[in-house]
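Can you build the whole structure from these sequences, using the hints too?
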Amino acid sequence: MPLRVGEKNFENRIHTGLEDAFMRGAVRSAQERLRTRKQESSEELGDWEAWRDLGEEIRTHTLNHLDYYLEQLSDKVAELGGHVFFAQTAEEANDYVRKVAEEKEAQKIVKSKSMVTEEIGLNDVLEDDGREVVETDLGEYILQIDDHDPPSHIVAPALHKNREQIRDVFRDKKGYENSESTEELTRFAREQLRQEFLEADLGITGCNFAVAESGSISLVTNEGNARLVTALPKTQVTVMSMERIVPTWEELDVLVSLLCRSAVGQKLTSYITGLTGPKGEEDVDGPEEFHLVIVDNGRSEILGTQFQSALHCIRCAACVNVCPVYRHVGGHAYGSIYNGPIGAVLTPLLDGYEDNKDLPYASSLCAACTEACPVKIPLHEHLIAHRQIITEKENLGPLPEKWAMKMFGSGTSSPRLYRLASKQAHRAMRPWTKGSNIPNGPGPLKAWTNIRDLPAPASQRFRDWFANRDREDKS
Amino acid sequence: MPRGNIQHRENFLNHIAEQSGRPRSQHVERPAWKQQPQWQVFKHESSDKWVERFKKQCEHIHTDVIETETAGVGETVAETIGRYQAASLMMWEDPRLEEAGLNKHFREQMANLGVETHIWDKSKGRENINIAEQTHVGITYSDITLAESGTVVLFSSADKGRAVSLLPETYIAIIPQSSIVPRMSQATQQIHQRVQNGETIPSCINFISGPSNSADIEMSLVVGVHGPVKATYILINDQ
Chain L
9 MPLRVGEKNF ENRIHTGLED AFMRGAVRSA QERLRTRKQE SSEELGDWEA WRDLGEEIRT
69 HTLNHLDYYL EQLSDKVAEL GGHVFFAQTA EEANDYVRKV AEEKEAQKIV KSKSMVTEEI
129 GLNDVLEDDG REVVETDLGE YILQIDDHDP PSHIVAPALH KNREQIRDVF RDKKGYENSE
189 STEELTRFAR EQLRQEFLEA DLGITGCNFA VAESGSISLV TNEGNARLVT ALPKTQVTVM
249 SMERIVPTWE ELDVLVSLLC RSAVGQKLTS YITGLTGPKG EEDVDGPEEF HLVIVDNGRS
309 EILGTQFQSA LHCIRCAACV NVCPVYRHVG GHAYGSIYNG PIGAVLTPLL DGYEDNKDLP
369 YASSLCAACT EACPVKIPLH EHLIAHRQII TEKENLGPLP EKWAMKMFGS GTSSPRLYRL
429 ASKQAHRAMR PWTKGSNIPN GPGPLKAWTN IRDLPAPASQ RFRDWFANRD REDKS
Chain W
375 MPRGNIQHRE NFLNHIAEQS GRPRSQHVER PAWKQQPQWQ VFKHESSDKW VERFKKQCEH
435 IHTDVIETET AGVGETVAET IGRYQAASLM MWEDPRLEEA GLNKHFREQM ANLGVETHIW
495 DKSKGRENIN IAEQTHVGIT YSDITLAESG TVVLFSSADK GRAVSLLPET YIAIIPQSSI
555 VPRMSQATQQ IHQRVQNGET IPSCINFISG PSNSADIEMS LVVGVHGPVK ATYILINDQ
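Line order of the protein sequences matches chains L and W.
Quick note: the first sequence uses the numbering used here, first residue 9, plus one each step.
Quick note: the second sequence uses the numbering used here, first residue 375, plus one each step.
None of these hints come from the bench; they were simulated from the model.
Computed from a predicted structure; not experimentally measured.
C-beta atoms are modelled at their ideal positions from N, C-alpha and C, and glycine is treated no differently.
Among the hints, erroneous ones may be present.
[Stated by the list, open to error] Just a few of them, taken from the derived set where beta-carbon distance is under 8 Å, the chain L residues facing chain W:
| # | residue |
| --- | --- |
| 1 | Pro10 |
| 2 | Glu51 |
| 3 | Asp55 |
| 4 | Phe93 |
| 5 | Thr97 |
| 6 | Leu201 |
| 7 | Gln203 |
| 8 | Glu221 |
| 9 | Val264 |
| 10 | Ile280 |
| 11 | Thr284 |
| 12 | Glu289 |
Following this line, the structure appears as structure tokens:
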């Protein structure tokens, strides 16, 4: 599954989202829960702003010296006997993992949740070679067996599905016979997947943060699947996007603390796992062979630009959970595996403006995202910067906006035209006016009045009213 | 273990430096961060207060805490096993467990109750994993314990397998009160020190806070997914 997913047309995606009543209810309640939990757990720290400042400072420093820290990381991994592959592109990364799987003759591969492997489309490549790839995060597992339904939230990928739908998927695909209780569904997934873990030849993980000083990678989870993926198979491949790194374990502490609180409102998730190299020589469990794949795939193009801080993202989805636009349209409307405000910022950077020009407009610029971000990425400012580039440099601005601006431009450039237009507005709109509102506007107004009323132009213009008032005062 | 391969590094890192508009970074000093709020958490509190906080936090993470005096550890664990109606247990090969009371006498007691006891045995290799998978209860010692999050920190080794705290349905951690520190910062600082001293750190360090769980279905919390379904902490009053 590559970066861009689902229906191509932005407006169609939006309509599908708006019409899905269950999904909208689920999104609303998820946002509320996650937001409340985050607020409670950050307030309890007392000095959340100081934590955010520290998070921002660490991310800024690390990204400014990324080559240094990646060099240190790779040296340490190699010292421990692990292999490191630097992949400029998705293809290079996929080819490398494909070769490792081939060498190990891996029939069955278990995976824990990883956004970057979704982004590069790794599963498809391995499956094309006839290997079985099993997603083991509960949410990802549900989506995978439901014919690769795309994820709709960075942290809770199956958010758009209800328990009845999940029961049906389990029944149709896996012969499940029990009820839609979440306990029974989860128990079933546990039993199904336990066997897969024990049989797997290869484990693939993402990486929340690598630690440069010791060549470690860390995984932040609640379910325990990432522990199984890294404890049982004899070979482990970890795919990390190049910016997910901290200098030392001391910074790991800070970012993990920010991540757990911001993502799910927990002080720490059930498992924070720090893995350093392959297993020790005498160790019994853990992988005999360890491969670290460090992926660029367009990220380096963001370095040194005004968007560099978008690479500070720690994938907590706090911005998603406060976004009023996401709340209404849901994750699939973004058409990208990275959704919500950070998705609207990141997707055009990684995939270009051409296909993603609508995304920076999927925002009310209310700045709730910027305020929620634990590492202080100025998300709404990035969205404005994107819009500027889209309209000024790329000439890709949305058509109604271009049209409106053109009309406004020519209308206001001549005082005579402006006078005429503003005088005629009230009369011209009369057929569509009900009371003081226009509930069903014609032509270009339709997009607006489909979802809300447009106030009708006043019968008296401000200019006329002002002139009259002046006259009356004097009399 | 022989040194591993590094492929395609130079071009990759040169490109990063180029994009950043500077030559390759040769040496970088980690700065003294302007704000360091992590060291303020519970700083002026007594260790008794940390113990209180730890117990309180465990209520939120679905984990039972059973307190015991130093002399009663074996007895307390035996009772817990009985309550779970477990038929088998597996524990680390760890002298601290033996000293704490999970000793020969304890194993005999288990045998009398019909509970099979397995000790992680590196000479048996991967057979240990199969045993752990079939066992009901896994027992480990806590290397460091975090008050804020109700966390036990486990350093794996040849005698301290990863699977013991992972595969059995129930997990029991033996925790001396003296191992409790305020939060994750103190644990990562220790690990950082070891790295600085040139030591090789364990291949797997786990920060475990209660049983496994998931909220992936309708955001409703289910305790017990891929890891243990239940967790109990045995807290030893050793100070």
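Taking the hints in turn, this is what the structure says about them:
1. Pro10: 22 Å, violated
2. Glu51: 14 Å, violated
3. Asp55: 5 Å, holds
4. Phe93: This interface hint holds because 5 Å falls under the 8 Å limit.
5. Thr97: Because about 11 Å separates Thr97 (chain L) from the closest Cβ in chain W, which is outside the 8 Å limit, the hint is violated.
6. Leu201: It holds, given that the least Cβ distance between Leu201 (chain L) and chain W is near 7 Å, below 8 Å.
7. Gln203: Violated. Min distance 10 Å.
8. Glu221: Holds: closest Cβ of chain W sits about 5 Å from Glu221 (chain L), inside 8 Å.
9. Val264: 7 Å, holds
10. Ile280: 4 Å, holds
11. Thr284: Cβ of Thr284 (chain L) sits 5 Å from chain W, so the hint holds.
12. Glu289: Holds. Min distance 6 Å.
In the structure shown, a violation is registered for the earlier hints numbered 1, 2, 5, 7, in ascending order.
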